[in-house]
Amino acid sequence: MATSAMLRKFFKNYYFRRTLKAVASIFVVTTLTFFLIRLMPGNPLDIYVNSQMQSLGVSREEAEAMASSIFQVDLKRPVLLQYTDYVTGLLHGDFGLSIVSARTPVSALILRFLPWTMFVVSVSLILSFTLGILIGTLMAYKRNTWVDYVFTTFSSIMTAIPDFMVATLIIVYFGVQWKVFSVTGVRGSLSPGMVAGFNAKFFIDAFYHAALPIITLVVCNVGNWMLQMRGSTMATLGEDYVMVAKARGLSEARITTGYVGRNAILPLFTTLALSIGGMFGGSVLIETVFTYNGIGMKLASSLGARDYPVMQAIFIIITTATVSANLFADFLYGWLDPRIRTEGR
Amino acid sequence: MADTVLEVRDLSLEYRSRRGPVKALRNVSFDLYKGETLALIGESGCGKSTMGFALIRLTPGTAKITNGNVTFVDGPNRINLMEMSENEIRRFRWTDMAMMLQAALNAYNPLIRIQDHFIDTAKAHGLNNKSEIIARARRLLTGVQLDADRVLPAYPHELSGGMRQRVLLALGLLMQPKIIILDEPTTALDILTQRSIIELLRKLKDEFNFTMIFISHDLSLAAELADRVATMYAGQIVELTDVFSAFEKPRHPYTFGLTRAVPTLHGAVEKLESIPGSPPDLVFMPSGCKFHPRCPFATDKCKEVEPKLTAYGGHQVACHNWQQVLEESQKAR
Amino acid sequence: MALLELKHITKQFRQGKKVVTAVDDVNLAIQDKEIICLVGESGCGKTTTGKMAAGLLDQTSGQILFEGKDISKLSGPEFMAYRRSVQMVHQDPFSSLNPVRTIYQTISAPLLYHKFAKDERDARRRSIEILEMVDLTPAEEILDKFPHQLSGGQRQRVSVARALTVNPKFIVADEAVSMVDVSIRASLLNMLRRLNQELGVSFLFITHDLALAKYFAWEGRVGVMYTGRMVELSRSPSLIEKPLHPYTAALMSAIPEADPRLTRSKERIVLRSDDIPSLTKLPPGCHFHPRCPVWLEGKCDKVQPILTEMGPGHQVACHVAFDITGGGSKISAGTR
Amino acid sequence: MSYIRDLGSGLLGSLRIMSRNKVGFAGLIITMTILLVSLLAPQFIDLKMTADIEKIYQGPSAEHWLGTDYQGRDIFKQLLLGGTEVIYVAFLAGLLGTVIGVGLGSLAAVLGGWVDTIATAAAELVITIPQYPLLLVLAGFIRLNSPAGLAVIIAAVGWGGLMLTIRSQVLSLKERDYVQAARALGLPVWHLLLKEIIPNMMSYILTSLVMRMTNAIYGMVGLIFLGVVPIAQNNWGVMYSLANRQGAIFGVNSAWYILAPIFTIALFQFGLINMNRSLEELFNPRLRRGE
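Protein sequences appear in the order of chains A, W, G and Y.
Read in order, the letters of the first sequence correspond to residues 1 to 345 in our numbering.
Read in order, the letters of the second sequence correspond to residues 1001 to 1333 in our numbering.
Read in order, the letters of the third sequence correspond to residues 2001 to 2336 in our numbering.
Read in order, the letters of the fourth sequence correspond to residues 3001 to 3291 in our numbering.
If you're looking for bench data, these hints aren't it; they were derived computationally from the structure.
Be aware that a few hints might be false.
To be verified - Cut-off 25 angstroms, straight-line C-alpha distance, at most; resulting in silico cross-link-like pairs (SDA-like, lysine to any residue): (1) G:K2281 with G:H2208; (2) W:K1064 with A:D148; (3) Y:K3195 with G:P2099.
Using the sequences provided together with the hints, build the complete structure.
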């Protein structure tokens, strides 16, 4: 009896339901990609089979056999079973084989490229969020002064230029025209001959190569955070409890951090999660511009080469990362806001 | 006459606006007596809430105090609030004079517990012993008829409106201020809750001996609680007198008009009268007496010369034709 | 036959997983040209009742009869006629008018749609007439303004004017003057009373202020609601002078009055508890018994009292009032 | 005649209102200029620009204002001609996305029930999937061959957020007193939606339209850059992409070839974003000053 009550409580729990929703959306996305690849007219599988038949002059049977091994589907099995095979494969981290780098498992490719992008995206996110909050607060406190105007102008210009074009501009001006850095030197994610290891030399080199994508992402995203924080802080400053806190004689520092700051940041967490997806998206183009060896550039190149298994896997991975980040941000939000935390108490 | 605890002289305040300065307070002068309850009444936009803020030099948004002095009299000490440094005034607030805002419902930081509000306040005024603060908070919460064990660890959203109002009173008494300013203390509350807050205010006042200013648009609250009533109109006090004279022998046509606009429950059914027109635009005000466009007693003089608040005995009024108003008000009774 | 009759009206809302009964078995018949005031504190169900009467909210159970016919069984055109006959004026002057539409657009839309005006020119002429009916002058100028350019009192007048466009027989006024400045409240009330006298419009006037109810509905009736139930319903003078329900008496004794001598000499009824019961956790029997100073143990906490006629046109739902024949000597607070 | 005069004075009045916000009006002028030039340019400028090997990568001169590209063709002329398609895709994608978002959002809020449940679940799914990667993968799976197709795909991946916001706004607006009053007056549902509810969301819808247009430009240029969209015609995105591929970044004179489309796109987006402020003035009477 007690166990069933506890179970019921657990299933009604906000966090549990939220997690369930996240898992469900990952599931739907993977399912959709499967059917997109397998069943749509003119789908990648058929295209691959046809191209093999034409270029290699093999029979349909043989071409389909090749496709089977690459796409990890047994074309002779009914579609539904193919689907369950596919899902089982995914659960075991089996994404099939790359078409271009023949016989290389896609999972190996992902393991090789993903960490670099994760590194860039997470550092940029933390940097731009923190900077944006600090500057946004400053703007709200100094509203309608030159500080405010300078940063507002900056962010409205930055929103007008797509991030990968900012990347191009950085290369053109800082790399080529003013020669601040060596354009060829920063390419890739590590210098040639650098061995990964837990030492300062490695970390410095990694940072050196990641610096440009990070700078670009930060410069392009910080404006958005600034404006959001500015708006949110201004709204909070108008709240009664801030006025009451002043009347209570609290120090300016305590009010700014504990009363205004904390309340103003909260709504930003809801957009924080969504921006992670945007950053992954941006990294595809930015990594290509900088030829930084991350998963974004891998996605771009597999797109160009129509390497479907790789595209599909990277997409699923990026989606999973984004959904998890979303989930994390939601939990963080719930943990920070007692109005949600104590719900149902 | 009783001792003065607060002297307000020529207090003026302006809000910046695109259309020009909004003159929310214009040369307001009055004395607050020790232990009394003064009610500030008037319609929205007459400057009564602004006055509450200005008295503790807390200017919201684009407001700026342009003129005047507020002097706090503490025994032999006279302290001019306008000459205090930021840090001094910060410490003055809540220890000597506590101003409680209209929206008790929204007076708390939603992210921290009620006990943290007590601790924050006490720490800001130099009390650092946490257990002592909590013990004091407990006593005060019990004093406002709340269960301290339940309230202290609660988050603001977990309390009802009436409870929040009570907690605010307890919080207000934390530093035992000499003066308490209450802005619309019962406005959003239900009648029975309002009643218990009124009774509570009476009880606390007996117990703690503070002086009270309360701001309300509700005349009946003034009739119930106040010793003296100050009527405000267009950023000025236009009448200031004891509560019985204010209701029974009003000398300003605006006060007179207000008393005739409100029905009573017990008593005869009389036809209510409105005051025609609406309050003036505080950016472009009429000439002369600011009330003259709405005043049935207005003469040519009223259009030209603004009357000053003048004392006739203990009754202060700013009206050229106060005798006629008084006569008319006696006739209407 | 009553103009509008609410029969055993109940409204339940879902609040998360709980079901909340906002209005519990309310009966009310509004006669032609009648003024009824509904009084009560927040959460007592008076606004919900008003919305159901205005046809803006469906009842969970019970019947609403308009001129004797069940409105759920009306044909299309009949329903439209009912819809037009019953209008509502809301409380908040700042949200009762569409901020992006001019007063003319607001007033003319129903005139043109229901063919009360044949063209724009006619609609304009008619709009001016209606605005003048609610004492909004100069009407010509007001027509082309946006709501934000008007004062709170003016906006409430426009709301009334908008209701008048379709020649209603009945207006639900939900706290229609409570957010308007005191000094102009009286003229609004007087205007509404004039509409009642001159156009014969019935009013269901919802307010938390008993003094206002007394003033507005002296010739009509007052109903007092508590936690979704009607606890007392009577002709106004009888209810104001001799309240029979302890809750009504408590309300009347609690209200501060705009007369210092009167308000300070009032006898106060002290309730046993200040806690307003939550609608999700209502006490058994009479909902008021945990606070009631004169409750009868074993009866009030067990049996739910039914609204019963105690005097001419005076109904009350209270065991104690029923026991003390002749009513409220024990419970009504003295006026002086 | 009088109708034309009314229309004229209405336009003038609108212009006057819009010119109150200076930055916004500047944005409006920038956008309109780029729009006009892009529309008219094909009428006056020869589409066939032959390569001239003698003039590869020249800097700006009187003859070639912004220099020449890797085939010696005039860059400025390419800019003038290259706007139509970008603007077309941006506008179509923006409009489609907005129509889907507003339409589905209002429908879900008004109808409720299973329509609401399904539409909301779909929108929530769409916003959790990272937009740009989805766009890339879709563009990779589905062979695109027309700008309109591109616009449709761009619109299809990015309506979720708008739908959810519109839904919650409509849900809240329809409980507003004035909508309730209009309902009581027996005004029909289309009146409630089109006259009472949607006008109150106009400034939000406009902002979202502009956002959607800039996103579409981003998406389109990015896809061209990655070589996923086989669009042969000359446009700003193709210029940027070609310039990258030809290594125009690395020269001092050749940089003009890559900078020109970047700054044009930036200018257009800057114009769009700021124009929005002026349009808001037009749709929100409370913002109008001096009243």
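Cross-check of the supplied hints:
Straight-line distance between C-alpha atoms of K2281 of chain G and H2208 of chain G comes to about 23 angstroms, which keeps the hinted pair within the 25 angstroms bound. For a cut-off of 25 angstroms, the pair hint linking K1064 of chain W to D148 of chain A stands: about 21 angstroms separates their Cα positions. Distance check on the hinted pair: K3195 of chain Y and P2099 of chain G sit about 11 angstroms apart at the alpha-carbon level, within 25 angstroms; holds.
Checked against the numbered hints given earlier, the structure satisfies every one of them.
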